[in-house]
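Take the two lone chains, each set in its own frame, and fit them into one complex as the hints suggest.
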Amino acid sequence: MGKLIEIRWHGRGGQGTKTAALLLADAAFNTGKYIQGFPEYGPERMGAPITAYNRISDERIKTHSNIYEPDYVVVVDESLISAIDVTSGLKETGAIIINTEKKPEELRRHLKGYKGKVCTIDARRISEETIGRNFPNTPMLGAVVAVSSIMEPQKFLEDMKESFAHKFKTKPEIIEGNMKAIERAMQEVQGI
Amino acid sequence: MSIRERLSGNEAVAVAMRQINPDVVAAFPITPSTEIPQYFSQFVANGQVQTEFVAVESEHSAMSTCIGAQAAGARTMTATSANGLALMWEMLYIASAMKLPMTLSCVNRALSGPINIHNDHSDSMGARDSGWIQLYSETNQEVYDNLLQAVRIAEHKDVQLPVMVCQDGFITSHAVENIELLEDDKVREFVGEYKPEHYLLNHREPIAMGPLDLPAHCFEHKREQVQSMFNAKKVILEVAKEFEKLTGRKYEYFEKYSLDDAEIAIVIINSSAGTAKTVVDKLRDNGIKAGLLKIRMFRPFPADEIAEALKNVKALAVMDKAESFSAAGGPVGAEVKSALYGKADGIKVLNYIYGLGGRDVRAEDIEEVFDSLLKITKTGQIGEIYRYIGVRE
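As you go down the protein sequences, you meet chains B and H in turn. If you count by the working numbering, then the first sequence holds residues 1 to 192, one letter each, in order. If you count by the working numbering, then the second sequence holds residues 1 to 393, one letter each, in order.
Hints may be right or wrong, so weigh each one.
Unchecked claim - Beyond 12 Å from chain H on every Cβ pair, some chain B residues (computed):
no.	residue
1	14
2	37
3	47
4	61
5	81
6	110
7	116
8	117
9	129
10	146
11	155
12	158
13	161
Stated by the list, open to error - Straight-line alpha carbon distances no greater than 30 Å define the calculated DSBU-like cross-link-like pairs of lysine-lysine that follow:
no.	chain 1	residue 1	chain 2	residue 2
14	H	282	B	91
15	B	3	H	282
16	H	289	B	3
17	B	115	B	102
18	B	91	B	117
19	B	115	H	282
Please keep in mind that the hints were generated in silico from the structure rather than gathered at the bench. A virtual CB, placed ideally from N, CA and C, is assigned to each residue, including glycine.
So here's chain H without its partners, still in its complex pose (with noise of 0.2 Å):
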């Protein structure tokens, strides 16, 4: 039986690490995860967990103090947002090069400047080159859901890299809502004990890592770095098979809602996809065939199954909560319409920015793009496909 609770997004992810009771965490507080380490500290005062807390100077510590830590064998985890992130930058690159299977909280945030606490995607977008797997989650239970499966998706054999779970600062980290967390046991037995294969502190297998590594290897291990995100696709599809049988709660690499039929659709990350269903149900229920996919795993990401799911789309918005700066369209946009190339041509293809800084995204905004997709539909002209929803020009 799940033990139905009621809690804001940074404290499901509090719980979900008191109940994973890592080796160590390393972090420094940053608006809005601030409350992640927070809570955790208190955990570890009350001797609810046997984790090291090491309380640093900068996310760049945390993140190197992390690297040190995973290194010696020790599971290990983190939280940080925007800034906190862009400080760890360096370093996030050096853990997933020295494939230590780490997991990190990012709590979304506007990366500066302007100065700016609230939500968009600026963050976590910026660091998808870098190497981590990375999980979008709609609601605090999806938060908690992927944590306890990055872990294991994390520390798998043929995987052995960081993996980064993401949630919408303030939106989902400061709300509180419904939630069923499974017990403390359960917990245990599906995250099971981190057994390391190769580590600094065996002193039966010396080893060193992280060394100078010349033309004459490197290229050959970015290779193997790549080859692990590729055994992550099939690692992620198992994990989350396992994590259903327990819980019922089904996970893919994106979610379809009522996309099979959808004649217009859009693909969204994190929590304006919860509003945007909402609009999807209202559109349905006027006889309107829209539709839905919310990218849950960005890295790997899942171009051959996202040109699949979408192939019998006529209109489709890919919504972007970042801005990539290149004058042609958003990170998410350069995905999608990259995966279909090829594989799902001739639909018609818009890219919006919406949400920037924390710009509240109702469900009128979500209802101007499908009125945008279905006029396209309608009239087969697609106007300008890079657009912005929600913004004062």
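Chain B extracted, bound-state conformation (with noise of 0.2 Å):
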């Protein structure tokens, strides 16, 4: 078996969680992987909480199932942390990566005893000021593959910037922040 990455999205209905996840799936199956990226569906509504998941290998994926032990879990809306046991199964060698303005070792204690790598990302301020309104998932992005190896930081902007150039093609506008929102996010992620 080739390296297997697994992610699990935490996030309300709404936030662009099962987009995300989708967009990381894209950008790793643009660098050759093998990708799957699937939410798991439940009533749909604005704010109920939602999961999505990721698997990226070198490797043709067989398996179909939910993902129980993920390397990576992303938590796109900080109140979950108290609704849902999001470190649940979490390996130690993997992270945990939380949008929210406060730093990691704030975050740590309400994480159950999880001792591997707590990252935390302010997606929230950086989308208001990139792209002008609360759009977590774009830097949640960024911050993701800069938390993790699944593909090389430059080869993933370079085929962001094309993805969004194809998907706002009427909106040229929109591409600059959306780009400026995950390279910010690259940089400032914390807890690496």
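Following this line, the structure appears as structure tokens:
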């Protein structure tokens, strides 16, 4: 088995968590990887907790089940930490990446004794300053790439630029803000 | 050169349909297959296909429209899930009895009730005796490949039957994975132009279709219908051979995975086969002779071939993602056991019900099944043969 990396995303409906998982799958796909990106569907409503998953590997991925022992957990909404067991099964060799204005050490005590890396990123502030609205998923994507080793950061940036150019063909002004959000997140993420 | 892409299972179906460019698509949206007519209607709106897309008010009307269109001489496709398939029920039998070679993408979902949107096989397993050919798919790639082959199988002059291509709702329908696509022109060349032998809009040959068929002929009619199923067994392999030449991807009635020298094995359908393969790999690494048989073609049922493939196995678990409420096991279990009877006797066979209503099927669940089989080969004691895995009792 080649190197398989498993990621679990926790967010709330309407925050673009599923989209972020699919964008990460896209970016990894473009660097030649085998990928899976899938949400866990429930009653779909704004604000409800949702989970999404990524598997990224050098070999074809056969498993079709949810992820119970992820290498990385991404928390797009800080309030979920007290609502659900976000570190459940999380490998201690991995990391949890949380969207918050707090520092990693402030959050660790809420994480049920998790001993691995705790990384924080103020995705709300970054997205408000770069994109002009609270779109945390774009900076979260940058933070995940910075913390994990799923792909070369430079390659990732080039790929994102290309996919934004495609996605926002009619709104080129949005591309620069989104790219800035990713770049800043990669630099500002704490606890690596 | 194939096209390296990443698509969800529903996207894979919609892309295959765009490449096939059928004459008519009639569909009514239902989770989790909704995206198929949704994406396809965009292709229609964009002028990427020349298809007549009929938005109907129910699945009963969707299947009725497909029957009318296919009888008129049009290559016709549709998609549905769960209660949508159930609402098509009476028309499914009419489509097959009228020998109408249409294709249906069934995105498997638990049939209500209780109402549930997630995956199991209760919908298509319920339709197993409707006279449709059924192909099952583990991955997005297999969904795509099966649908392209389905058109050829259905329309073959010796078959002329409708084909249902099944995949697991959400698990593959909504999961983005790597896929190898064929170029549009290669697909069009592979499926070819639809040239029906007899059809209603042929003014040179006025015919009636679907008339009353009383005791004088009805039995012969049904006998001919089942002959098409016998013929389909040959055609399905021929089409697969041709597809393999084109893509390098091999398809048969079922896939044997580490099965040839296996002492313990499981029989399984659709997406969980992949999860089970990882368990087989792990057991093999530990020197345990484990194997797997994944059924692709459930109708017609390859009984003799399955008996031959399993004859040397000591203990076997047949996995069913649907209840039949017989209080004696599930539909796949019943078929496999009856296939083995008299041909491969002496195998200790368990029948497991798993994953109903979208209960996640983990590698640990499959490991537990293999553990039970291993124990049986060691002790010779089989115990309860009708079991559940992953349920709270």
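Going down the list of hints, with the structure as the test:
1. 14: 18 Å, holds
2. 37: 4 Å, violated
3. 47: Non-interface label on residue 47 of chain B holds, nearest chain H Cβ at 20 Å vs cutoff 12 Å.
4. 61: Its Cβ does come within 12 Å of chain H, the nearest being 7 Å, so this is violated.
5. 81: Check passes; 23 Å lies beyond 12 Å.
6. 110: 27 Å, holds
7. 116: For residue 116 of chain B, whose nearest Cβ neighbour in chain H is about 22 Å away, the distance exceeds 12 Å, so it holds.
8. 117: 26 Å, holds
9. 129: Fine: 31 Å to the nearest Cβ keeps residue 129 of chain B off the interface.
10. 146: 23 Å, holds
11. 155: Non-interface label stands for residue 155 of chain B: nearest chain H Cβ at 17 Å, farther than 12 Å.
12. 158: Consistent with the label, residue 158 of chain B stays out of reach of chain H, its closest Cβ about 18 Å off (over 12 Å).
13. 161: 19 Å, holds
14. H/282 x B/91: 20 Å, holds
15. B/3 x H/282: 16 Å, holds
16. H/289 x B/3: 25 Å, holds
17. B/115 x B/102: 18 Å, holds
18. B/91 x B/117: Holds - the C-alpha atoms of residue 117 of chain B and residue 91 of chain B are around 10 Å apart, at most 30 Å.
19. B/115 x H/282: 29 Å, holds
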